[in-house]
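Its first residue numbered 1, the sequence shown is counted upward by one per residue in full-length UniProt numbering.
Keep in mind that the hints were calculated from the coordinates and are not lab data. For clarity, every value in this text was computed on a predicted model and none was experimentally measured. No false leads were slipped in.
Dumping the calculated EDC-like pairs for lysine to aspartate or glutamate here, alpha-carbon to alpha-carbon at most 16 Å:
| hint | residue 1 | residue 2 |
| --- | --- | --- |
| 1 | Lys48 | Asp453 |
| 2 | Lys409 | Asp312 |
| 3 | Lys330 | Glu402 |
| 4 | Lys287 | Glu438 |
| 5 | Lys406 | Asp312 |
Label-pair restraints from in silico Cβ distances:
| hint | residue 1 | residue 2 | range |
| --- | --- | --- | --- |
| 6 | Thr74 | Lys48 | 45 to 53 Å |
| 7 | Gly456 | Asp103 | 43 to 51 Å |
| 8 | Lys48 | Gln259 | 20 to 28 Å |
We put the CB at the ideal spot given by N, CA and C, even for glycine.
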Amino acid sequence: MIEAFVTSAEDLMHLVTDGIKRRAMAATKMNERSSRSHSVLLVTLSQKNVDTGVVKSGKLYLVDLAGSEMVRRTEAAGRRLEEAKMINRSLSTLGNVIHNLTDPKMNHVPYRNSTLTRILQDSFGGNSRTTLIVNISCSVWDSTETLSTLRFGTRAKKIKNQAVINERKSADDLMDIVTMLQRDLQLERNRVDLLKNRLETSTPHENVSASSDQGRSGMRSVPTSAHETAMSSEASTIEAMQQLQKKFKKLEEEYLKVQLESDRRGLEIQDLKARLDSKAQSMESFKFSCKEADKENKRIVARLECSLKTKDSQYSVLQSDHKQLEFKHKELTNHAEKLQQQVDMLSSQGVNRSSLYDIAELQSPGAGVKGKESEYLHAMQQKLVHLVAVQRQLLGKVAASEKNTKEAKRKVTVCDDRIKELRASNRRITERLRKEAEKHVEELIRLRGHISDFQGAQDAHLQSYGHMEEPFIRALRGGGAEGQVDSMEHPRQWDDEVRPIRRGSQCSSTSATSEESLAEVMRIHSDQRL
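Using the sequences plus the hints, can you model the full thing?
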């Protein structure tokens, strides 16, 4: 499964193409390119009106289900058989879910029996609009599968969903609601004042009629028109007070709803703060790991460069030694050739002299000359043997130097390959760290945007509550005549309920910290690129 953030249709199509390539396919007896898995593309969309601040969100599911298979017809075996079992099991669970949704007697829907049905839970039984396309075969041989598929589509068509737009009210909308409540409250307060004035004006008439009735003992009291008017006015006043009390309760309930919404926003802000703190901590640890990795890479590069310089110096020394050995080898070879020529010449001279000496001995034998000649020839032979030994020794040294040169070249080649591998690994590590840093930066920017939105909405709510707090409490306190309207608590208690929301102003310091972390991360990665 792959999760990615896209900003254009081209990026989305690249992901779709990649998903199609990753989908498992294999050949069976009935299909050469049979799908061995389901394919699900989930696109999460979010839209925000920059003018009103209203946020709308939705999800788009594009699902390509693998077809059910009959093993006796596909003749699947081994791994293909296990894949067919998994496909048929998930499709069977999907059929059970659709059957339970269309049967009013069924109270439980087995969404969690399969990963497929868990993913498609909102599509079949939630807030969504679903379009189902079934594929059938025109062959008579596949009539059983065609009938089963049509029944499946018919059952799915009976599911009725009520799609509602997922919308979160903006701060302006909440302000409009508060303004409307304030206006209604002012109207009801005016009505209370009017009814109180009417009660005050009707009280003297009642007292006068009561005193006149007491002075007429034994006489039958006759109701006057003023008394009837006062009684009807009192009844209408009591009825109006009861209606006013109901409206006050309704307004109080609406106000409590707005208060709960504000509390929920405050909790969301606290949650975002906690997430931002955790992201900041992770960024700190990531920054530390980046620094450590950078230091380690620098140490490795420095060590490799030092080793490379050492190897280069050794290689240059070996090359100079090799050149010197080659030069000495040439000199020794030339010297050996000269000596060989001298030996040959001396040998020829020795033969000539021996023949002359033989003739001289025949003519006039002389033992002294013959002894000197034999000594000279013996010395020349020893010198020749010594030269041959020196030549062999020099040839051995030349061969050893050539062997050392080859070994040095091999070591230099191995070092070069190792340096290339380490440099490539360093580039991969740097690229991976850069991508992770960019991902963390995007997450921090997104969280900071959410906190800014919630902060603006919260400030607007607090301002509106500050304006309506005192008149609303005075109206609730002054509107209750003779215990008919319930009074609210002290304003300080109300302020205690709102105080947790006012703490959201601390988010500015956290945002400043996140900006510093962002600047530090960007500086680190600019250094790594250099």
